[in-house]
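Visitor: Given chain A, put chains B and C in place with the hints provided.
Protein chains in written order, with our numbering: chain A, 1 to 228; chain B, 1001 to 1238; chain C, 2001 to 2204.
Read the hints as simulated data drawn from the structure, not as lab findings.
Source: prediction; values computed, not measured.
Don't take each hint at face value.
Said to hold, decoys possible - Below, a list of computed lysine to aspartate or glutamate pairs in the DMTMM-like style, where the Cα atoms sit at most 25 angstroms apart:
(1) B/Lys1145 / C/Asp2073
(2) B/Lys1002 / B/Asp1220
(3) B/Lys1145 / C/Asp2175
(4) B/Lys1074 / C/Asp2075
(5) B/Lys1145 / B/Asp1220
(6) B/Lys1074 / C/Glu2059
(7) B/Lys1074 / C/Glu2064
(8) B/Lys1145 / C/Asp2075
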Amino acid sequence: MWRAISTWTAEVRWIFAKEWRCELRTRYALNTLGLFAFTTLIVVSMALGGPVGLSADARPFLAVLLWVILLFAATAGLPRTFVHEEESRTATQLRLAARPSSLFCGKALYNLTLIFALEALVTPLYLVILEIPVASPGAFVLSLLAGGFGLAVGSTLIAAMIAQAGARGPLFAVVAFPILLPLLKITIAATLAAVLGEAADMHLTLGLLYDAMLTVAGLMLFPAIWNP
Amino acid sequence: MKPIKKALRWSLWLWLSAVIWAAFFWAPPMQGFAGLYGESPQTGRIFFFHVPVAIVSFVAFMVAGFCSAWYLWKRTPGADRAAFAAVESGIVFCVLAIVTGAVWAQVQWGAAWTWDPRQTSILLALLFYGAYLTLRDAIEDPEAKARISAAYGALGIIVAPFLFYVLPHLVPSQLHNDPGSTTMSPKILVVFLASMAGFTALFFWMHRVRRRVLALAAADGDRLVDETTPDMEGLTVE
Amino acid sequence: MTARLTLRFENLHRGFGRLRVLRGVSGGADAGEALLVTGSNGSGKSTLLRCLAGLAVPERGTIECRVDGRALDLDQRRRAIGYVAPVADFYRELTTAENLDFFGRLRGVGAEAGRRLLDELGLPHDRLAGALSSGMLQRLRWAGALLHRPPILLLDEPLQNLDRRGREDVLRLLDEHLASGLAVVANPDRLDLGHVARHLDLDG
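Pulled out of the complex, with its shape left as it was, chain A reads as follows:
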């Protein structure tokens, strides 16, 4: 019986389901992400002094501030996926029972849903509070998807790395930012272009390209990170 191997997709599905089941019972990540994003949103709104619309002063900041909120909320809430496994000592069993590739995909998928949920919550609030009209909604949503995807996959990979190290808190930010900031630079430009109605194709393509490369790299590197 030990030789029976579940299919790869079944493993991914089960890991994804387990993540959400545990999360819904503790609500740790949801609370962290939500609270962090909401607090940062309030701070941003206070700093800008109210609705700014597309005024010339505010224009350079519109996209950046949204992504800063998302980036820092992600940094606060996403690394837990792997750190939790090591701390609660379930990592040992996972190493024996699950295939590395399905583990990576299951957890990345979980982080993806978290990030998209976060974006769905924060972005409308952001647009409404600051009264920002979006000229190209399609491109806008696409830029959020591209950036969110990279944030989730990159965070999953880096979380796996730092889970095996000590001093976890600031370590994640230090190690993750050089990987995530190049992508954010592109998606910030894409988001801004979408808000202003300018051409965002090149930026979106590059963002998706970075996402693809990050995913491939993650799939190739994760087994070495996870198993000795």
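Guide: Chains B and C in isolation, oriented as in the chain A frame:
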């Protein structure tokens, strides 16, 4: 040190000294670097140092990346040491590139840092190097240290081209609008290439020295361990 | 003659920086045998088991594992073992049944196997793993290790925290396992397991 290595070392120093001299006294002033102080061709001489050093920091990045990937594939400790040494040496060139760039920008444009795309890229590269070293420091188990920092270093293979090539071309840059074709006069080209060669050689020499230091430290650690702990011959009792 | 089921390790070295934990350890077991590994704290018992489980890689030495006559690589070896150890825990937010369900599904095992083991070991199905006593947690570890009926059991201090009833239950399961499988048991002192064929003392 063997005579031939001594000779090579001396020739490297001589080469670099010649490059420095030529950059200041032999090459003609660089035209076309208009800036704050009007036509200021003499300030353009920093070009002979700034650009090669920046290119070498990219080379170091890729060397670290490929050594990391090699380690993940073959698990030879030498590859891990090579990656580590490349990062340590690369950081020096990265900092030099940032500083020379800032000095040049200050003199030419009156502003040392403007978040020009290439400035941002090289700063992110420095952050990546720093993160690699921080990650190494945070992991105690030597096997995990090598393996996980190698995974991070290997990520550099995709991040570096993005930083050094893609990002700077996305946004038109004031400081770095590269002309389509390099129209360098022969003398300038010669000094530039000589500088390029000299700094590349300097990097690989630093890399080699650093690798040897790491190898000696590792061997020393092994020898110390072997000398102080007795072997347990097979203890099976049946 | 190639044995059908065998585990052999030779000259294992493993350390953490300057600290040497395993210094050239060798041993093995065949089907129906239990290898008992004893030694004081820090002698390397847990490290040895982790190397055998594929959770750590020895710096020097070889580990050879054959099942049904075929040699297994590292990934296959990981799947072929059941591991009971203090460092193997469960998700505190899930119940015992949900935990076994999860790990069972990953290994392609249905939910009934988990429930059956829970019953055999006297564990409730609906208790959250975080609410288990240490003795019940130890029984759950045994359940997790036997879920996929592996040919090889690696047991690190397998009787800790168990009451007399618990000890009887797990030793019975170990007996059943040793009918066709093999086990490596690490414990600070000698244990009376009934099947101990070999003994390796890391303090010697």
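Visitor: A separate judgement is required for each hint: does it hold in the structure or not?
Guide: Right, here's what the structure says about each hint:
{"no.": "1", "hint": "B/Lys1145 / C/Asp2073", "verdict": "24 angstroms, holds"}
{"no.": "2", "hint": "B/Lys1002 / B/Asp1220", "verdict": "22 angstroms, holds"}
{"no.": "3", "hint": "B/Lys1145 / C/Asp2175", "verdict": "41 angstroms, violated"}
{"no.": "4", "hint": "B/Lys1074 / C/Asp2075", "verdict": "17 angstroms, holds"}
{"no.": "5", "hint": "B/Lys1145 / B/Asp1220", "verdict": "19 angstroms, holds"}
{"no.": "6", "hint": "B/Lys1074 / C/Glu2059", "verdict": "14 angstroms, holds"}
{"no.": "7", "hint": "B/Lys1074 / C/Glu2064", "verdict": "21 angstroms, holds"}
{"no.": "8", "hint": "B/Lys1145 / C/Asp2075", "verdict": "22 angstroms, holds"}
Hint check: a violation occurs at hint 3 only; the rest are consistent with the structure.
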